[in-house]
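**Q** For reference, the chains in residue letters:
Protein chains: 2
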Amino acid sequence: MTNSHLNPGSTVGILGGGQLGRMLSLAAARLGFNTHIYSPEPHCPAKSVSALATTAKYSDKKAIAEFARSVDIVTFEFENIPIDTAVTAAVETPLYPPIEALFAAQDRLTEKEFISDTAGVPVAPYHPVNNAFDAVRALKILGEKIVLKTRRLGYDGKGQSIVTNEDDAKSAYKFLGEVPCIAEQFIPFRREVSVIAARGLNGEVAAYPLIENEHRDHILHKSICPALGDGGDAQTHAIRILENLDYVGVIAVEFFELDGGKLIVNEIAPRVHNSGHWSMDAGCIDQFELHIRAITGWPLGGTNPPFKVEMINLIGDDVKQVPDLAKSPYTKIHLYGKSEIRPGRKMGHFNRLIF
Amino acid sequence: MTNSHLNPGSTVGILGGGQLGRMLSLAAARLGFNTHIYSPEPHCPAKSVSALATTAKYSDKKAIAEFARSVDIVTFEFENIPIDTAVTAAVETPLYPPIEALFAAQDRLTEKEFISDTAGVPVAPYHPVNNAFDAVRALKILGEKIVLKTRRLGYDGKGQSIVTNEDDAKSAYKFLGEVPCIAEQFIPFRREVSVIAARGLNGEVAAYPLIENEHRDHILHKSICPALGDGGDAQTHAIRILENLDYVGVIAVEFFELDGGKLIVNEIAPRVHNSGHWSMDAGCIDQFELHIRAITGWPLGGTNPPFKVEMINLIGDDVKQVPDLAKSPYTKIHLYGKSEIRPGRKMGHFNRLIF
Numbered sequence: 039m040t041n042s043h044l045n046p047g048s049t050v051g052i053l054g055g056g057q058l059g060r061m062l063s064l065a066a067a068r069l070g071f072n073t074h075i076y077s078p079e080p081h082c083p084a085k086s087v088s089a090l091a092t093t094a095k096y097s098d099k100k101a102i103a104e105f106a107r108s109v110d111i112v113t114f115e116f117e118n119i120p121i122d123t124a125v126t127a128a129v130e131t132p133l134y135p136p137i138e139a140l141f142a143a144q145d146r147l148t149e150k151e152f153i154s155d156t157a158g159v160p161v162a163p164y165h166p167v168n169n170a171f172d173a174v175r176a177l178k179i180l181g182e183k184i185v186l187k188t189r190r191l192g193y194d195g196k197g198q199s200i201v202t203n204e205d206d207a208k209s210a211y212k213f214l215g216e217v218p219c220i221a222e223q224f225i226p227f228r229r230e231v232s233v234i235a236a237r238g239l240n241g242e243v244a245a246y247p248l249i250e251n252e253h254r255d256h257i258l259h260k261s262i263c264p265a266l267g268d269g270g271d272a273q274t275h276a277i278r279i280l281e282n283l284d285y286v287g288v289i290a291v292e293f294f295e296l297d298g299g300k301l302i303v304n305e306i307a308p309r310v311h312n313s314g315h316w317s318m319d320a321g322c323i324d325q326f327e328l329h330i331r332a333i334t335g336w337p338l339g340g341t342n343p344p345f346k347v348e349m350i351n352l353i354g355d356d357v358k359q360v361p362d363l364a365k366s367p368y369t370k371i372h373l374y375g376k377s378e379i380r381p382g383r384k385m386g387h388f389n390r391l392i393f
Numbered sequence: 039m040t041n042s043h044l045n046p047g048s049t050v051g052i053l054g055g056g057q058l059g060r061m062l063s064l065a066a067a068r069l070g071f072n073t074h075i076y077s078p079e080p081h082c083p084a085k086s087v088s089a090l091a092t093t094a095k096y097s098d099k100k101a102i103a104e105f106a107r108s109v110d111i112v113t114f115e116f117e118n119i120p121i122d123t124a125v126t127a128a129v130e131t132p133l134y135p136p137i138e139a140l141f142a143a144q145d146r147l148t149e150k151e152f153i154s155d156t157a158g159v160p161v162a163p164y165h166p167v168n169n170a171f172d173a174v175r176a177l178k179i180l181g182e183k184i185v186l187k188t189r190r191l192g193y194d195g196k197g198q199s200i201v202t203n204e205d206d207a208k209s210a211y212k213f214l215g216e217v218p219c220i221a222e223q224f225i226p227f228r229r230e231v232s233v234i235a236a237r238g239l240n241g242e243v244a245a246y247p248l249i250e251n252e253h254r255d256h257i258l259h260k261s262i263c264p265a266l267g268d269g270g271d272a273q274t275h276a277i278r279i280l281e282n283l284d285y286v287g288v289i290a291v292e293f294f295e296l297d298g299g300k301l302i303v304n305e306i307a308p309r310v311h312n313s314g315h316w317s318m319d320a321g322c323i324d325q326f327e328l329h330i331r332a333i334t335g336w337p338l339g340g341t342n343p344p345f346k347v348e349m350i351n352l353i354g355d356d357v358k359q360v361p362d363l364a365k366s367p368y369t370k371i372h373l374y375g376k377s378e379i380r381p382g383r384k385m386g387h388f389n390r391l392i393f
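First to last, the protein sequences are chains A and B. Take the first sequence: its letter number 24 is residue 62 in the numbering used here, and every next letter is one higher. Take the second sequence: its letter number 50 is residue 88 in the numbering used here, and every next letter is one higher.
Keep in mind that the hints were calculated from the coordinates and are not lab data. The C-beta atom is built at its ideal place from N, Cα and C for all residues, glycine as well.
One-sided excerpt, in silico: chain B residues whose CB lies under 10 Å from chain A: (1) His43; (2) Arg60; (3) Arg68; (4) Asn342.
Make a model of the complete structure from these sequences and hints.
**A** In structure tokens, the structure reads:
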């Protein structure tokens, strides 16, 4: 370990109480850490599995500072945490991943500029859009088909619209709320892949093999790791992004793989990621433990799965398959402790081990 | 599932707050259950990983009844829970494993009689000892070397003494506190093995392969599964014990394997067991989840590990090896959240995956 590693018995503070916070908390427990969950929700997936919890708004600076002072390190489970909140916490206690990564991930324009200009990793051609006229111009500059996206707060296909003509361009900008947007060239791709990688406090880096992802209705449905093919430069790209951000923790980098095999980054997530859930049952260190190891200064351990794993999300009513799934050997079920089933809600996932 | 299975979102009450309760709680969380930990200790390994906790004595019947009423099912992590306590809980809410199993496991004489006479499974020749005279007589009946053990509350080699002559017999009985004892013939064995098995609410049974165990200073040091050799009747014996107890949950059966290969039962534990910790990283359902599945009426799932795993306990200062262990790929570390290192204290364990 580094000289500055945290010992078991220390407390990891987690901003956010969803399933990612829950699985981070379970992983931290395996390493002997306590966790303290901060979330505005009194009952949420992460709070069920931790003895320490704070229920307060993210904008409550007094509560955030008090929370940060009560723990040994702070991390977060979602990238849309207000920057102010993160800064308030970081003043009191080390916070990882670094706030620079939040800046890059919260704004699609900053993100694209960072990835292409700073890290030198390919992205789709893009153009900033601040009014309807920009939207029309972007279409002219970028080609026949573009995707107009809000710069902030989009996820699971929300906050974006495909545009093929001038009228569409204007109405799409209006539909998206006339907020700052980015237009990206629509790139036909042969598949979506991702890389989950991590960087430790001492600069050690590790990356899992290439992951192939399948989305349904803009929500991740299935991930397989290792994916077929060597993934070209995917891992190198991910590590270049980590190093250019002076990053600490786990990052997810989503790529489009084009017909010739070229990879372009779609987006990055400065956190553990749904496309890494297969790692929980893959025989190597899983992404949640990898993140905890990285931010506490432990060695990262092994990220090379000795067998293949397929992860499938349980969205909404899918969770009703659980009684049947539970009969299959080598099918590992992970439920998030959400009481109410809603359409589109991620209720859990299962991993199928393939030997 | 059976018609009477518990749905995710239900609460599993656990009597006992040690590392077994902790790992049961983590496994229950994976299946979407809440847990409620009952223990006299305000801070203990299991309470760190659960939002719900009661701190009260096991003899506090009012607190036990209230606890039981607040949960959907009650289980326990140690077999020396007072019978009265278990009965008080079971009056309010279903409690598994059944109280009959606690009776059998709390008294070495009842245990031996049940195993040999009721279940028809071999044990070492034994003789009850209620006074010094009985101890001398046991030596005459059972042979040149016997082990004198207290009938109740022995563990990890505590509460037992080897006896080879009449004077020893008398002084051993005195040394053990002049309490009811049992004398067992000393059986030379070639190795210690165990089987972890489970029986569900609907009578479904499952057993892991044979486990080989190595003790140091009477404390489990290492377990390997699958052990070399087919284990003869070990699994059949374990299942016969489960069925004769009308058992629900996970049970551990420890055997001595004699030179010719014959197995005799050393003892049973009506709970998850240290010799089953390898299962946490073995690619199949682990013993903690198996127990939760069994008592909540879920299918038991797969108990056949696709690769070999070696488990090594971290006792006392062994835990200082963790920084080095964390560097090895395919070494999975499990720490119990105990703040104080003490000699002989189980601080954690690690599993080495062998492909």
